Amino acid sequence: MVDTNRRSFLKATGAAVSATAIAGCSAGPGGGSNTLEKVGMSAYVRGGSWITAYIEAAEFYAEDLGIELEVRPNQQSAQKQVQDIRDFTNGDHDAILVGVWSTGAAEGAINQAMEQGTPVFATNADTSSSEIPLYVGFSNYDGGASSAEQMVAALEEQYPDKDTWRVLNVRGVQGNQSANQRSQGFLDVMAENDRVEVVQTLNGEYARDVAQSTVQQWINANGRVDGIYSGNLSMGLGVVQALRNQDILVPKGEDGHVVLTQMDGSPEVNPLVGEGMIDAAVDQPNYFYNPIAMQYMKQYVEAGNDDSVIPEVDSEVTADDLTIESGQHKGVEMWSEPIWEPGIMREQNGHPWFRTNSVVITQENYDQPFLWGNVWG
Amino acid sequence: MSSRFGDTDDAVLTLLDNMIWPILGLVILGVLVFVPQTLRNVRSVQLLLWAAVPLGLLVLAESLCLLSGHFDLSIGSIAGFSAMFTGMLLGTCPSCWNVVSSPWIGFGIILGAGALIGLANGVMIARVGLNPFLQTLAFLIIFEGAKTAMQTQPVTGLPALYLDIGGTPNFAIGVLLVAFLAFGLLMRFSRFGQAVYALGSSEKSAREVGIDTSRLIIVIYTISGVLSAIAGLMLTGFVGVVPPLIGEGLVFQAFAGAVIGGISLFGGRGKITGALGGVILIQLVQSALNNSTAVGATEIQMINGFVLLVAILLYSTQSKIRSRILASGSV
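Which chain is which? The protein sequence lines are H and S, in order.
Those letters in the first sequence? Residues 680 to 1056, per our numbering, in order.
Those letters in the second sequence? Residues 120 to 450, per our numbering, in order.
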């Protein structure tokens, strides 16, 4: 009820701002016009090639739409992110894109921006604010679950005669929301399978060197396992190196192959999938997140901050409903393959969530140009 | 009678000075009882020590600074920056600079980068008079930022020889042991070592006995930079690429290793060999916790913190016992 009232208020405020703008006398915070010309983006920049693709795609798409995009790195600091959002709000930005670093921390600043008529759209990592019109991202939990399903399928193929498969779960930083969800998704699916024993959950801390040293010592101490799941690309590559150091890295189908599934593809991961060292990597359509958000953001602003342009919760969005125009960037026709579809509209934290699909990278598709790891190599 | 008491006190003092080793012995015993698979074979020990090499070199760098009554917060970022900078020059990945192909030149560059940053630290502290905390904190931030400014993706395509140094377990462990042995001997038997201890005990007194303290501080920070750069080289070899977050978060572990090994935070006391014991202890506890089915992944960090707290309590007790013995005048 409160949420509905707040939304109504925002709509009314948006409409009022639009009306004033049409009258040609608007010049307040939030740009004051119903065209999307300048967007501020707050994102962390210290995550390697994945985050580079995520940010550059936003820059390319904004360029194609003729939008001026100002990207500010928050350096993994919630405080810095709050400050940047407030700066954008008080400046002449028409809207704000945020990849939230700490779920609850930026809520006040985001709400303040919304109240002042500067819409905030979240991508990749969700905010706890119920005020935003849209969050675009995939489900970390589903990603972990999908990795588990891929692992079971690969184990059945590799070790069909074994009664029990022993597997390891290498998880990310404790307390990190995505690390928890990715691990839990994996564990929940595995718990339902009687043939799987998750012998240990190891801390890989989202770091390649930590995962490498932890896994190689664990295997040496406790013996081989049949499969290892890693919660992100860095840890997955550390696990590959750990098996190599233990002289047990062999491709799928060969004796002694340890089934590896993980979250994320990358320029390094994709060739390893092709060689059969990694069985499957569940990848996000990261270079679509910001374009999808910007597409809806544009419609939202042009409609006078009207959230009726956002698809209804529980609906399904396909490429027939949403067009992300492809463009030539980095030598490829970017966004030409709608790997995000179908997008399922859900509600999360009191606002709509455009839940994109994920892509499972296997030996069949590891070299396809629609995988971000093959573009940002 | 007093002589007999004196011998006992001597023995107690010697034990206190080398307390890390009985502690390590007890921990090994505990690991063998409760998580025996952690040390199931020689390979276990090799893997454990191999993983400890980068941290060990940083602990050595930090120990040297601590013994002199200073400290260095920038060691992790020096390791990361020098590794990333050299990686960009040597690497063949699409975004790399790829201007150097010889791994030998690479060794020179990475050591040179570390030495230059360490030298700058030393000059700013000794000559310009900046507070070591502020100076090394600034460099921590600058070089961590500079690393990200250069590259946010893993640097690949490095020459095999360049990677072999840190990527060959026995060689890497050898480097660590030789470094500790060399600095252990240097600190114990050389004029440089004695000057470092003197500086750490009292800078004023050290100056009065003719030690050029400014020059010494510069040399210490330069050595610290070089050791940090070697840690970066080892980390690169260990992982096989230069990951974008290389070296981050290691400084606090380096402090922990030094303190657990008995190096005084206030300068002038502690043994380099003790610091090696601290490194091994940290790695052993970490490995045992990872291998233990009784400890969940979510509890490991907390237990690590308790280990550090127990070590600090032990050293606090040690310090009180030492003071009591020395105050009694029997030695």
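One or more of the hints may lead you astray.
Reference listing, derived: stretches of chain H covered by chain S, where coverage requires no fewer than 3 residues with Cβ under 8 angstroms from a Cβ of chain S [to be verified]:
1. 816-822
2. 874-885
3. 890-898
Keep in mind the hints are simulated off the structure, nothing from the lab.
Only a predicted model underlies this, so the values are computations on that prediction, with no experimental measurement involved.
Where a beta carbon is used, it is the ideal one built from N, C-alpha and C, also for glycine.
These are the hints, each one checked on the structure:
1. Note: the segment 816-822 of chain H has 0 residues with beta-carbon separation from chain S under 8 angstroms; the three-residue rule is not met and the coverage is violated.
2. Here's how the segment 874-885 of chain H fares: 5 of its residues keep a CB closer than 8 angstroms to some CB of chain S, so the rule of at least three is met and the hint holds.
3. Counting residues of the segment 890-898 of chain H whose C-beta lies closer than 8 angstroms to any C-beta of chain S gives 6; at least three are required, and the coverage claim holds.
Checked against the numbered hints above, the structure violates only hint 1.
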